[in-house]
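2 protein chains.
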Amino acid sequence: TLSVITSCLSSQLLGSLSSDEAAPGQKQGPTFKDGRRRVDYVLTYHIQKPQSVRRNTSRFSGSRVLRSLRQTLSLSKSPAMPPPKIDPEIAAQEHRLDYHEDDKRFRQNEFEDNLREMGLELEKDEGNKIPGIGFVKIHAPWNVLCREAEFMKLKMPTRKVYEVKQGSNLVEKINLFIHKVTEPLHPKVESNKPQNVKPLSYPFSREKQHLFDLSDRESFFDSKTRASIVSTRSASVMRITSLLGNGVYTAAYPLHDVGFDNISLLSPQLLYEEWASYSVFYKYQPIGLIRKYFGDKIGLYFAWLGIYTQMLIPAAIVGVIVFLYGCATVDDNIPSMEICDPRNNITMCPMCDRACSYWKLREACGTARASHLFDNPATVFFSIFMALWAAMFMEHWKRRQMRLNYIWDLTGFEEEEDHRRAEYELRVMKKTLKKQHKSTQRLPLNKKYQSKRDTALPYCNSLTPHTSSHLYKSHRQRLRRLLTPLQVSVTFAIVFGVILYRISIRAALHMSSNPSNIRATVKGTAAVINLIVIIIMDEVYGALARWLTLLEIPKTDKSFEERLIFKTFVLKFVNAFTPIVYLAFFRGRLDLFYFPDDLFTTKRDTCAHAGCLMELCIQLCITMLGKQLIQNNLFEIIIPKIKKLIRRRKSDMDSQQQEDYNLTLQRYEKDHFLGPFEGLSPEYMEMIIQFGMVTLFVASFPLAPLFALLNNIIEIRLDAKKFVTELRRPIAARAKDIGIWYNLLRGLSKVAVIVNAFVISFTSDFIPRLVYQYMYSSDGSMHGFVNHTLSYFNVTEFQPGTAPLQPLHLGYEVELCRYKDYREPPWSNTPYDLSKEFWAILACRLAFVIVFQNVVMLMSDFVDWLIPDIPKDISMQIHKEKILMVELFMKEEKGKKRLRENHSNQSPVQPRCRPSSQETSNC
Amino acid sequence: TLSVITSCLSSQLLGSLSSDEAAPGQKQGPTFKDGRRRVDYVLTYHIQKPQSVRRNTSRFSGSRVLRSLRQTLSLSKSPAMPPPKIDPEIAAQEHRLDYHEDDKRFRQNEFEDNLREMGLELEKDEGNKIPGIGFVKIHAPWNVLCREAEFMKLKMPTRKVYEVKQGSNLVEKINLFIHKVTEPLHPKVESNKPQNVKPLSYPFSREKQHLFDLSDRESFFDSKTRASIVSTRSASVMRITSLLGNGVYTAAYPLHDVGFDNISLLSPQLLYEEWASYSVFYKYQPIGLIRKYFGDKIGLYFAWLGIYTQMLIPAAIVGVIVFLYGCATVDDNIPSMEICDPRNNITMCPMCDRACSYWKLREACGTARASHLFDNPATVFFSIFMALWAAMFMEHWKRRQMRLNYIWDLTGFEEEEDHRRAEYELRVMKKTLKKQHKSTQRLPLNKKYQSKRDTALPYCNSLTPHTSSHLYKSHRQRLRRLLTPLQVSVTFAIVFGVILYRISIRAALHMSSNPSNIRATVKGTAAVINLIVIIIMDEVYGALARWLTLLEIPKTDKSFEERLIFKTFVLKFVNAFTPIVYLAFFRGRLDLFYFPDDLFTTKRDTCAHAGCLMELCIQLCITMLGKQLIQNNLFEIIIPKIKKLIRRRKSDMDSQQQEDYNLTLQRYEKDHFLGPFEGLSPEYMEMIIQFGMVTLFVASFPLAPLFALLNNIIEIRLDAKKFVTELRRPIAARAKDIGIWYNLLRGLSKVAVIVNAFVISFTSDFIPRLVYQYMYSSDGSMHGFVNHTLSYFNVTEFQPGTAPLQPLHLGYEVELCRYKDYREPPWSNTPYDLSKEFWAILACRLAFVIVFQNVVMLMSDFVDWLIPDIPKDISMQIHKEKILMVELFMKEEKGKKRLRENHSNQSPVQPRCRPSSQETSNC
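Respectively, the protein sequence lines represent chains A and B.
According to full-length UniProt numbering, numbering within the first sequence proceeds without interruption in unit steps and concludes at 923.
According to full-length UniProt numbering, numbering within the second sequence proceeds without interruption in unit steps and concludes at 923.
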């Protein structure tokens, strides 16, 4: 009985409060001029002056067509606002030049009328302090918010709270203990404390509004939700992105929450102190707060970045240990000892034709010792560890994501509607117009408008251009289907072209240079040059990917984003990893194809004696450090500062004037000066490439996780600062996961297994050492390994003109010199052929690759299978929530039933009231 | 205005029809004795006689504890029915022996009271024609159905229909054309015709009941839905499965729909004619109908089986072509030509010690020619094809599943609640009792009941034993966590033990037998024996898996099922594939480990000259055919028939009497005689093992898909017959996908790639032939290949006692004989060592494995990426549905708004009605 009465009362109460009122003492932040209605969203536009016309003709004609089509459409739509009835083709041809500004104003008015029609309240502000810019402030009244929340099925907290149990007593105690120990690491934010009660959430519905605590209407929907409701609504009324793209509006953004006294939890000040500051670098991020302020998508990004950074800690520690192990064992390493042994008297063949002479193997002592740092058994362990680490990371993230989904009430939420892209719609509309034109020409005049209406009527606004897209598709689809694989192959062709070009250049350079000069320092400079090329090409490739994706005209925003990300990723990834892959796998091996007859000469671009691993390591080190330093610091810190400076210079004010001026500005005007939010793709991309560096060649560079860790600690705070202080507030986007990035990560960690297998077996000397130890060594030790890897060469067999000019350089005449390869000696039946050892070692290397790849993959899959995707306590709580919800409804049910029985037994006197009440109806 | 009025009217109307009425002329099938209320669900129980007591003590004590706990619980629950207030411990000890039947009756009554409490209507029937069996017929009245449908969020069709567009005009035309061409292949069922309109579906809600067409209440929820509602409700009130397990009830089933005149579409007769008949074997299955009658889960199984069978057609065709290619090229195959050449004069070493003698290679001619059928380049192509086929199949199924989800309105439906298993609860309760016992002993007496109530009160029925499970967990969890990996390792240990045992047996048999007798016929018998072992072990392993899973006491039904399936799969899979794997990879290679010194003797269990592939093929062929024939025909057809016969014998009636008796039986009594439905696992398992046969060793047996295809055509109809005529109607389970089976399929198709890579490179002679052709052949042809694969053996070097007894068997004295291996000749420096060719070929084989595995995996992933998971037209229609739904609500919204405005402007005279109406409230 009670529940019905309360709901009756509350709806009566709500009915009387139909417009918004705020308590007079409360400061509500930026409001309309009446001081009451909050500004939820802002659109800006150029106030029309002649100098603001600077769009190109192609866009112009596009917008014209669009506009004329809209006219046609609105013809059949809103009889309240009769548009000029002109045949669009003729009209467009007549007013080719001076229609533009009118067109924009017309579409602005149309859009704003539509918004008002939907119940939103608008206020224009043109006489403000920023010349040339007009603002449209939008306020969503309570009933619009309710309606939209219901349509979007937003899960809102109900009045019902329940106790959250973290597993058994023991688990709970341990959790509490851990939380206490890590107390200083947690940000000082209330929401981060472990909470014992959680409100039950339920998709908002006006029919079930008695479930929700609507006492404080102002804060029931927070500013993030309000803004996202307005932006969703305006996106579905008419494509706001297309209006932005066509210059009808210049920007659209919600406001930062500065100046709200009553909702201090959300103030950016707190975010700034507890998150966007380098002084809290050691702390966890206040993810809940970030999500509350910026929305799920950005919250997920920072949560992901946090988990990644956290997971890097153990990897970095193990990496450092592995490196230290290499340092510690460098003196016990028999092969390098043998090389450095003063009694070692092996004469090596010259490293190049004519100019170089014979040399003593002892000279390679330093390189051999250095190589051991990165080429020891611990490296193999480390790369297996890192493969499993990657699997663990993916699992950990899945669980974390699930937990966040639960805490943020995203469970059961379906992916949001996908908006069609403006460019795609433009094409569709052009096509439709053309088609209509044709059909109207064919049809008799009285059917002309009829046919147009047929096409336009069912979906009269741009919400669903299905009919038109369908027309368009039948014509264009085949071509577009061809285009997609074409684009992919173009991407790959570019990639391969660049690879080949760069490899050839490298090979040419190496062959012409004097190899005796190639020392670590020289290699370092080469790596630096490489780095610069990489950074420049990164920008080029970014633009290229964008261009290629634009050519494709993807249908929806989401598919555009995914395609762009994929292309950018492929190009940038290949760009970053080409030199490394070359060093790891092709250096000194490619020339086999160049000089098949010359096998036993010494022309090849070989690495220093003790393997290519060290060079690879230098290259990786410089690329990683350099890329991070330059791209992070230069691009993300210094360039924005310079931009700001330039902007300030332009405005012709000194800093005092500027500050005074700033003080007079309204919040929405201040926000206008901030940079626009351009999506998370660049941030993610940077991290993914870094993830590649950390996992892909980890076998050759165990310090990579450490470098990544240090970088990320800075990166988090840097990004945080950017989001809080330098960018306009982004529209809160709902998201359950990190989307395509997860797949890219997954792909990378798979590729990493294979790459590491190859690095260990082919780039390092791990397999040859093992094979020697177990197959050839007389006493099972590594003694004699160096000798075993060197083949003999008879100096009388130098090809004419290639013998060294100074054969007596070492002080004695050389008859046989040695070179690093497994070949038959001159005295065998088949001199200089690949020897049996070569094939045996090759077989072992390949076998290792197979075993490593499959074992590690199996272990990763096992880790994947072992760790449940949904944490146990979360799945228990979801279960509990469901049951509580059912219980709640059952109780309500029984209450109603009793009420009904009472009604029918005692008071059959209100027959007019019952039928209209859905709630008390029978069923 | 209208909508509110109609809803008012309709609810008034519904109010007056609160109990169920049926038009008098309509025959409604099985009803209660009043002839009006339909029987939705039937429970059966033994009418208590002394001879029906045959449960063991452990179960007894379990049920006793359960019962006494229930007493304690109900103590605090339903004051309407006061149970005897006895301390459970004491009571249980007192009535140890003769409490049992009373206990059952008590629990029956308790359960039935609960059902009545929930609003269900029950009718008992003990005086029926089947002695000793009592029936409880359950009927769900309309308001219970409505309530439960709302809780279960069942999507029901609304009044609103919309036009379904199948892509563009062209696509639509093509689809129509295809449909016309395949017309004879479609079953003659109305629902299978392409429909142009589809009703919009929406989760049923009593608040939105104006959306639904409730004019025909009897058929709004079909019999399947009614039964599943009753079963869900009774499962949540008190665990029906636990009651069944404890023998309180003997069976619980819904009724077959025989005798419904008004819903003829669903009659099993139609299913029988158009589906469960061999005469329609070439037709598509009426999936929609199957799902309507049996529910989503069984519908999905048959849809999956259909897709699988359909996909086997192209695979079978290509397989046959590959086989025919082998047949056609057998005469052009140079190696077998060389072997069969009469000029070929190669003397081979004896195949065994002493007894065997030298032989001519010519004798192996037949085997060599036969081997070519399965060992030719086309096989390599075919195994790549099949890997891609498997990827395509998975994709195709995903799309099909998505389409079915859409058609069956399952999109957006969340996985159903997972029920805890009775055994698990029993344990939990025991533990709780023990704990309570302890705590009550410690606590003062007045707190005794208090503490019990604390534990029992919050979740008073078995819906949520969270508190108790939590108590239980803290104690037991660590042990159980240890148990799970232990179980897994036990499973694997058993598997490996059996593998080793069988391999040893095989090896021993082969070594002792006279190898000259090992011909294809002998191998055939060996394969048959193997087959019998496999079939017997299959049953043993099935029981073993069940036992192991029971030991684990999984928490929920779903996890029980998944664990059981996984274990059964591993055991059965290993059982079926051990001999095949042995033949493919270990035969003739294992002995390397047995006789490391004896390498160059001829003791090894080698295959016939031209490779093991043919033997592998014979084994596969016999296993597949035999397994399918015996398990299908014998187990699924003949044994059930025999069982039926025996049952009939027992009942002491001749067939005429039987028929007369049958005619007098009610529907629910007839169904009682049918077999119980025992889940889909055996059906799926059989198919998955078959899928393994088809994909795993396809490189060695290209006819496998054909055999599978033929089998499945029969299998579909066989299963159909079983479901329609021989089993009780299963409870319709909701499911969106085929669950764990999909993962197993995916795993298999991944393993298949690796296995095929190894079969091609190690079992077949493909790689040695290639290597010979490109590295060793003088003229690039295969001439001389046979000679190249044979090594030399000096007969003077036979170990004492191993030389053949009849050295002159061939008519001349042999000095050097040949054997198949790559080893150094006797005259080299290292006689009988593995030669350089061996290592080179090994390296090539391994390289091939790496390349094959990664290329095929990449291609599979590419196929996966290329084909969108959701078919385009379906995603478009889902989009459209969403928009239509929003439009519908917006229209309603506007209607209400106008109504409200009218109300407030014109008629502010009904103030007592408005507040209680949720619908017209403001927001």
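If you're looking for bench data, these hints aren't it; they were derived computationally from the structure.
Heads up, some of the hints might be wrong.
Chain copies aren't distinguished; within one or between two, either way the pair holds.
When the alpha-carbon atoms are kept at most 30 Å apart in a straight line, the in silico DSSO-like pairs for lysine-lysine are as follows [to be verified]: (1) Lys555 - Lys872; (2) Lys836 - Lys208; (3) Lys160 - Lys820; (4) Lys836 - Lys430; (5) Lys398 - Lys430; (6) Lys721 - Lys872; (7) Lys643 - Lys891; (8) Lys882 - Lys430; (9) Lys644 - Lys891; (10) Lys555 - Lys198; (11) Lys643 - Lys721; (12) Lys872 - Lys434; (13) Lys880 - Lys555; (14) Lys627 - Lys180; (15) Lys434 - Lys124.
This structure is a prediction, so every number in the text was calculated from the model and none was measured.
Copy assignment of Lys398 with Lys430, given that the CA separation must stay at most 30 Å: Close neither inside one copy (44 Å) nor across copies (36 Å); limit 30 Å.
Evaluate Lys882 and Lys430 at a C-alpha cut-off of 30 Å and name the case that applies: within, between, both or neither. between (50 Å within a copy, 26 Å between copies)
Between Lys555 and Lys198, at a C-alpha cutoff of 30 Å, which is it: within one copy, between copies, both, or neither? between (41 Å within a copy, 26 Å between copies)
Measure nothing new, just compare the shortest in-copy and cross-copy C-alpha distances for Lys627 and Lys180 to 30 Å and report within, between, both or neither. Neither way: Lys627 and Lys180 sit 38 Å apart in one copy and 62 Å across, limit 30 Å.
Could you figure out if Lys160 and Lys820 sit no more than 30 Å apart (CA to CA) within one copy, between two copies, both or neither? This pair counts as neither: shortest intra-copy Cα distance 76 Å, inter-copy 80 Å.
First find the shortest C-alpha distance between Lys836 and Lys430 inside one copy, then the shortest across copies, and answer within, between, both or neither for a cut-off of 30 Å. Answer is neither: 70 Å inside a copy and 70 Å across each miss the 30 Å cutoff.
What label fits Lys643 with Lys891 when the C-alpha limit is 30 Å: within, between, both, or neither? Cα proximity of Lys643 and Lys891: none, with 62 Å in one copy and 50 Å across.
Between the shortest in-copy and the shortest cross-copy C-alpha distance, which are at most 30 Å for Lys644 and Lys891: within, between, both, or neither? neither (61 Å within a copy, 49 Å between copies)
Is it within a copy, between copies, both, or neither that the alpha carbon of Lys836 lies no farther than 30 Å from that of Lys208? Answer is neither: 81 Å inside a copy and 81 Å across each miss the 30 Å cutoff.
Check Lys872 against Lys434 for me: Cα-Cα at most 30 Å, and say if that holds within a copy, between copies, both or neither. Classified as between; 26 Å across copies, 59 Å inside a copy.
Alpha-carbon proximity context of Lys643 and Lys721, limit 30 Å: within (17 Å within a copy, 77 Å between copies)
Within, between, both or neither, where Lys555 and Lys872 count as close if Cα-Cα is 30 Å or less: between (40 Å within a copy, 12 Å between copies)
Checked against the numbered hints above, the structure violates hints 2, 3, 4, 5, 6, 7, 9, 14, 15; every other hint is satisfied.
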